[in-house]
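Protein chains: 2
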Amino acid sequence: MNNEEIIIKKIVEEVVKRLQCTNEAYVPIGISNRHVHLTTEDLEVLFGKGYQLTKMKDLKQPGQYAAQETVTVIGPKGEFKGVRILGPVRKETQLELSLSDGFKLGVNVPVRESGKTEGTPKIVLKGPMGTVEKDQAVIAALRHIHMPAVFAENYGFKDKEMVTVEVGDVRRVSFHNVLVRVSKDFDLEMHLDIDEANAAAICNGDLGKILKD
Amino acid sequence: MNNEEIIIKKIVEEVVKRLQCTNEAYVPIGISNRHVHLTTEDLEVLFGKGYQLTKMKDLKQPGQYAAQETVTVIGPKGEFKGVRILGPVRKETQLELSLSDGFKLGVNVPVRESGKTEGTPKIVLKGPMGTVEKDQAVIAALRHIHMPAVFAENYGFKDKEMVTVEVGDVRRVSFHNVLVRVSKDFDLEMHLDIDEANAAAICNGDLGKILKD
Chain L
1 MNNEEIIIKK IVEEVVKRLQ CTNEAYVPIG ISNRHVHLTT EDLEVLFGKG
51 YQLTKMKDLK QPGQYAAQET VTVIGPKGEF KGVRILGPVR KETQLELSLS
101 DGFKLGVNVP VRESGKTEGT PKIVLKGPMG TVEKDQAVIA ALRHIHMPAV
151 FAENYGFKDK EMVTVEVGDV RRVSFHNVLV RVSKDFDLEM HLDIDEANAA
201 AICNGDLGKI LKD
Chain C
1 MNNEEIIIKK IVEEVVKRLQ CTNEAYVPIG ISNRHVHLTT EDLEVLFGKG
51 YQLTKMKDLK QPGQYAAQET VTVIGPKGEF KGVRILGPVR KETQLELSLS
101 DGFKLGVNVP VRESGKTEGT PKIVLKGPMG TVEKDQAVIA ALRHIHMPAV
151 FAENYGFKDK EMVTVEVGDV RRVSFHNVLV RVSKDFDLEM HLDIDEANAA
201 AICNGDLGKI LKD
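Those protein sequences? They're chains L and C, same order as listed.
Mapping to the UniProt record's numbering: the first sequence position 68 is 68, numbers consecutive.
Mapping to the UniProt record's numbering: the second sequence position 66 is 66, numbers consecutive.
Honestly, the hints are just simulated from the structure, not real lab data.
There could be a bad hint or two in this list.
Identical chains share a label here; the pair holds if one copy fits it or two copies do between them.
The calculated DSS-like cross-link candidates involving lysine-lysine, where the alpha carbons are at most 25 Å apart (straight line), are [to be verified]:
#: 1; residue 1: Lys209; residue 2: Lys116
#: 2; residue 1: Lys55; residue 2: Lys212
#: 3; residue 1: Lys184; residue 2: Lys160
#: 4; residue 1: Lys104; residue 2: Lys77
#: 5; residue 1: Lys60; residue 2: Lys184
#: 6; residue 1: Lys116; residue 2: Lys134
#: 7; residue 1: Lys91; residue 2: Lys49
#: 8; residue 1: Lys77; residue 2: Lys158
#: 9; residue 1: Lys9; residue 2: Lys57
#: 10; residue 1: Lys10; residue 2: Lys116
#: 11; residue 1: Lys91; residue 2: Lys134
#: 12; residue 1: Lys81; residue 2: Lys104
#: 13; residue 1: Lys184; residue 2: Lys55
#: 14; residue 1: Lys122; residue 2: Lys212
#: 15; residue 1: Lys160; residue 2: Lys126
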């Protein structure tokens with residue numbers, strides 16, 4: 001490139017950057033009820049040797065689905081029957097609850113990023129064929145956005161960046177500390193739990209505006 | 001006043017205004033569980049003619065208290081036993097629920113300012129001596145701040161103004177559309193329900209920062 005071309009390239013980059021800053025990015029909200037992801041090993045203890053999950057319906061994230069199967073979750077002060085299993089099986093069992101769920105069960109659920117289950121409270125999962133006690137499984141999911149790589153690039157967001165998302169009307173809320181997770185395999189969606197959705201009085205599929213944190 | 005005094009007065013006013021703008025105002029959060037305020041008439045239907053509430057403990061707002069008495073709240077899909085009555089009696093019966101409470105009862109609870117109960121869903125209250133059916137009583141309280149007049153004056157807030165309150169840590173949230181209610185008889189407190197408190201992962205007494213909306 002000659003000097004003129006370099007200057008033009010810089011101007012174009014600057015214009016694109018400015019456009020990205022003023023361009024408003026919106027994300028549809030997906031509201032998660034309590035659910036569990038299981039390892040093959042835990043699935044077999046709960047449902048029997050060689051058991052395979054049966055898909056009930058696809059979730060928005062490609063490859064993920066709600067299974068027909070459910071478990072009972074038992075805590076020191078209460079239990080929930082019919083807690084949905086999400087498939088496919090994973091490397092680690094993870095139970096995702098709201099803070100109000102934790103209160104009813106009698107466990108102090110930490111707000112954590114998915115997969116960060118070290119030192120979480122003990123909980124029992126019960127299936128038709130057996131029970132498992134887990135002491136590294138229970139989290140309230142740190143709110144997060146599944147962001148396709150092409151969207152992230154267009155709007156100037158990075159993987160693991162924290163953003164703010166503004167949502168709602170009469171109960172308008174800005175959720176700060178929203179974790180951005182970027183992958184070419186994601187469909188665009190922000191995950192909130194039911195406490196968070198109620199606090200903003202929003203419904204599944206409502207749009208949130210993504211702002212720099 | 002001579003011209004010089006007028007100019008000095010104007011400068012002082014300007015300085016005070018600037019200080020108010022940069023001065024950060026904080027409010028302690030009070031988390032409300034579901035509760036009910038009763039008229040004398042409804043109290044008598046539920047507990048018997050001439051019945052008087054018994055104070056269990058004072059609330060933060062002067063003159064307000066939690067009574068020893070509770071009622072059962074019955075909706076189309078569920079019920080809550082032991083719903084606390086707050087005293088003293090009022091001119092209108094008002095049941096304050098969270099949106100998740102409404103879901104469990106099977107009623108679509110509107111988010112409303114206290115007292116605005118026109119056209120709210122039907123609900124039954126049951127006491128030891130009788131039941132009342134109310135069709136103008138059920139709200140999810142619009143989040144609000146009880147603000148002493150002197151505080152409002154110091155920080156430049158007005159009665160019925162809407163503000164934003166930022167609160168929380170790992171689940172930091174800015175609550176917008178927070179109604180300011182000013183009275184010389186109020187103690188400084190922001191009321192949130194349990195959904196809202198869980199969405200921000202905060203505890204009773206945590207401090208929120210008040211910002212212009």
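These are the hints, each one checked on the structure:
no.	hint	result
1	Lys209 / Lys116	neither (27 Å within a copy, 30 Å between copies)
2	Lys55 / Lys212	neither (37 Å within a copy, 49 Å between copies)
3	Lys184 / Lys160	within (14 Å within a copy, 47 Å between copies)
4	Lys104 / Lys77	both (7 Å within a copy, 19 Å between copies)
5	Lys60 / Lys184	within (14 Å within a copy, 52 Å between copies)
6	Lys116 / Lys134	within (14 Å within a copy, 47 Å between copies)
7	Lys91 / Lys49	within (17 Å within a copy, 64 Å between copies)
8	Lys77 / Lys158	neither (41 Å within a copy, 45 Å between copies)
9	Lys9 / Lys57	neither (48 Å within a copy, 70 Å between copies)
10	Lys10 / Lys116	neither (41 Å within a copy, 57 Å between copies)
11	Lys91 / Lys134	within (14 Å within a copy, 52 Å between copies)
12	Lys81 / Lys104	both (13 Å within a copy, 15 Å between copies)
13	Lys184 / Lys55	within (24 Å within a copy, 60 Å between copies)
14	Lys122 / Lys212	neither (36 Å within a copy, 43 Å between copies)
15	Lys160 / Lys126	neither (34 Å within a copy, 51 Å between copies)
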